[in-house]
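**Student:** Residues per chain are reported as follows:
2 protein chains.
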Amino acid sequence: MGSTSNLNKPPRDIAGHWSAEVLEAWVKEVFLRIGCSESHAAMAAAVLLAADLKGIDSHGVARLPGYVRLWRKGRINTDPQWRWTQRMPAVAVLDADGALGLVAGQVAMEKAVAMAAQYGTAQVLVRNSNHFGIAAEHALMAAVRGMVGWAMTNASPLVAPLGSSKRLLGTNPLCYAFPPANNGLPWVLDMATSAAANGKLELAAAAGQAIPQGWASDNRGQGTTNPKVLQEGGALLPLGSTAEGGVHKGYGLGALVDLWSGLLSGASFGPWVPPFVDFLEPAKDGPGPGLGHAFGALAIEALMGLPEYQQRLDRWTQAFAEAGLVLHGMPEWEQRRIRLREGIPYTADGRRALIDLGASLDLQAP
Amino acid sequence: MGSTSNLNKPPRDIAGHWSAEVLEAWVKEVFLRIGCSESHAAMAAAVLLAADLKGIDSHGVARLPGYVRLWRKGRINTDPQWRWTQRMPAVAVLDADGALGLVAGQVAMEKAVAMAAQYGTAQVLVRNSNHFGIAAEHALMAAVRGMVGWAMTNASPLVAPLGSSKRLLGTNPLCYAFPPANNGLPWVLDMATSAAANGKLELAAAAGQAIPQGWASDNRGQGTTNPKVLQEGGALLPLGSTAEGGVHKGYGLGALVDLWSGLLSGASFGPWVPPFVDFLEPAKDGPGPGLGHAFGALAIEALMGLPEYQQRLDRWTQAFAEAGLVLHGMPEWEQRRIRLREGIPYTADGRRALIDLGASLDLQAP
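Top line first, the protein sequences correspond to chains P and W. If you're matching positions, the first sequence starts at 1 in this note's numbering and goes up one per residue. If you're matching positions, the second sequence starts at 1 in this note's numbering and goes up one per residue.
If you're looking for bench data, these hints aren't it; they were derived computationally from the structure. Just so it is clear, CB atoms sit at the ideal spot from N, CA and C, and this is done for glycine as well. A couple of the hints might just be wrong.
Computed list of lysine to aspartate or glutamate pairs in EDC-like fashion (alpha-carbon distance at most 16 Å, straight line) [to be verified]:
id: 1; chain 1: P; residue 1: LYS73; chain 2: P; residue 2: GLU232
id: 2; chain 1: W; residue 1: LYS166; chain 2: P; residue 2: GLU244
id: 3; chain 1: W; residue 1: LYS284; chain 2: W; residue 2: GLU322
id: 4; chain 1: P; residue 1: LYS166; chain 2: P; residue 2: GLU232
id: 5; chain 1: W; residue 1: LYS228; chain 2: W; residue 2: GLU244
id: 6; chain 1: P; residue 1: LYS166; chain 2: W; residue 2: ASP218
Computed spacing ranges between beta-carbons, pair by pair [claimed, not checked]:
id: 7; chain 1: P; residue 1: GLN311; chain 2: W; residue 2: ASP356; range: 57 to 63 Å
id: 8; chain 1: W; residue 1: GLN311; chain 2: P; residue 2: GLN311; range: 44 to 50 Å
id: 9; chain 1: P; residue 1: ALA206; chain 2: W; residue 2: SER165; range: 48 to 54 Å
id: 10; chain 1: P; residue 1: GLN311; chain 2: W; residue 2: ASN182; range: 25 to 31 Å
id: 11; chain 1: P; residue 1: ARG315; chain 2: W; residue 2: ALA243; range: 50 to 56 Å
id: 12; chain 1: W; residue 1: PRO282; chain 2: P; residue 2: ASN219; range: 41 to 47 Å
id: 13; chain 1: W; residue 1: PRO65; chain 2: P; residue 2: GLU322; range: 45 to 51 Å
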């Protein structure tokens, strides 16, 4: 997920740039060809492009072939029938009918924002969904409407809490987005609850480098610096990494996200969460359908006037900026500004993946 | 705050045990003598004793002299007039009029639970408050009524995010409590957002031991193993500890708690949060009154029937327990069971502190 530490590092071996506009139109066309409606294709393309624009390359068009492979396997339904349950005024549950999480997330957050506009705060839980892209793009739907928004999701099990070698949790990201103050840029915390995301291990493996101690453990639960350890039965470690470093906190946060988005929504959870990759089969005896997400919103106007909020946030922001600290979300906004102007860099491999994907759908690459 | 790693370590040099019942009655008497009403004294004593019973000794009666010192300084108001503001149905803000946070937290959570019973979810933010004890004791008010509860608070600045030597955040704990399944014990995550709590440094200093790298930085922002570094202008580090370890995540979580409980409530925040100790003066130009807390609840019945929830949680619990993992909250419940039977252990110093406190209020020590 988006993190302050892996930003502003463009892909190595840049072969060229895509214009964001051209790329987004092409991605939308891909979603149309696999059966999405016009509005769903537009939503899904926008969520993927948001990641590419912000420099979260692992969650952008790089994931597109993966979504299409899951659709080919019949594990993503591009023509979902939303099934809503509402037992109380400010809480709703969405069974997403196997939809793209990219779309289900937007639809669910829209509902959370609408209920929060009426009651002040609201929550929407989603089951029977798939990978929802970057959490921030959903949480921000609230932030741009004067609300604090949150978004979290469980994910295929890759994390083994210290003391176990069994993968019990996903990287289970959580995101909170706050409406902007006078600089116009929302404060956005969007983090995996593991010490490092899978993508960082892939980068290290590609570069032939060891990973730091604290990111992963091997198949006996011992710490390792082997970047390919996930392919050898190992696992990621929760944030905190060691007993002394507070790994029980990272494990607790990952468990919280699993309980909230998976258990409470009626979705699958823990070790049974379906894998994102098409070559692994979902568990047959899982406790519920698909992935689960949790969304919510809290209206600033339920607390104070927006000008007072903005004034307070400006003061907060200034204190942290003056101490030389990076504010969460800001590197991504800066990257977005650059990439809107200069385009989205791609590698030869990245372009080839989209050429192959396009060919399989009778589509010219962007 | 409560953590899985510092439990089941009784105080060293145990001089004896207090019966929980006797101690609670005595603590209540102390609160009565400093001007609390009968009901406020009972609430405050119960919250403190909950910490002692669970083995979170840093947050129990050990804190009582500190509360009394702040009251003597006129910085805690034991006869508060609650000032509620409600702009929307499921959100309320409480100005606690300088109350004991122990009491304000209980009152605020009661309101959150009442609103969530009507709307499914609700939030209460509190400003103009003080240290609220263990977060879990507030969040659990929801969990025992079939709701997920959360509680967080900002706190006096002791944490310097990596890249700064300035203390900008408190240990800013967050807590989430889930209603119990069939074992009757709620799942409770209650964690400081720093790598280690202040109390762990004090224990190391008392034992003449170095602290691990990753817990604290010195007054130039460099990592240190000096357990007395806080007295020498140093600071605690956020969870994650290092750039590689994901310290931006711990910093982000601490900032989230500060924004949610301090900024959104109208309280003070960041470097201006008033100190818990009486010998440091609060900032004159703070952005709001006192500490801030954030509470909320989400009713399980808004999502599914309680039996279905319990069945799902039992399955989740079993998967983690079978992998040999400690479940959050369980060591504290076990400690509570033991201490209810055997009493709460105290050291000679601990007893002397209560003797002195009692003497200052014309009260025999317990």
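**Student:** Could you tell me which of the numbered hints above are not met by this structure, giving the numbers in increasing order?
**Tutor:** 1, 2, 3, 5, 6, 7, 9, 10, 11, 12, 13
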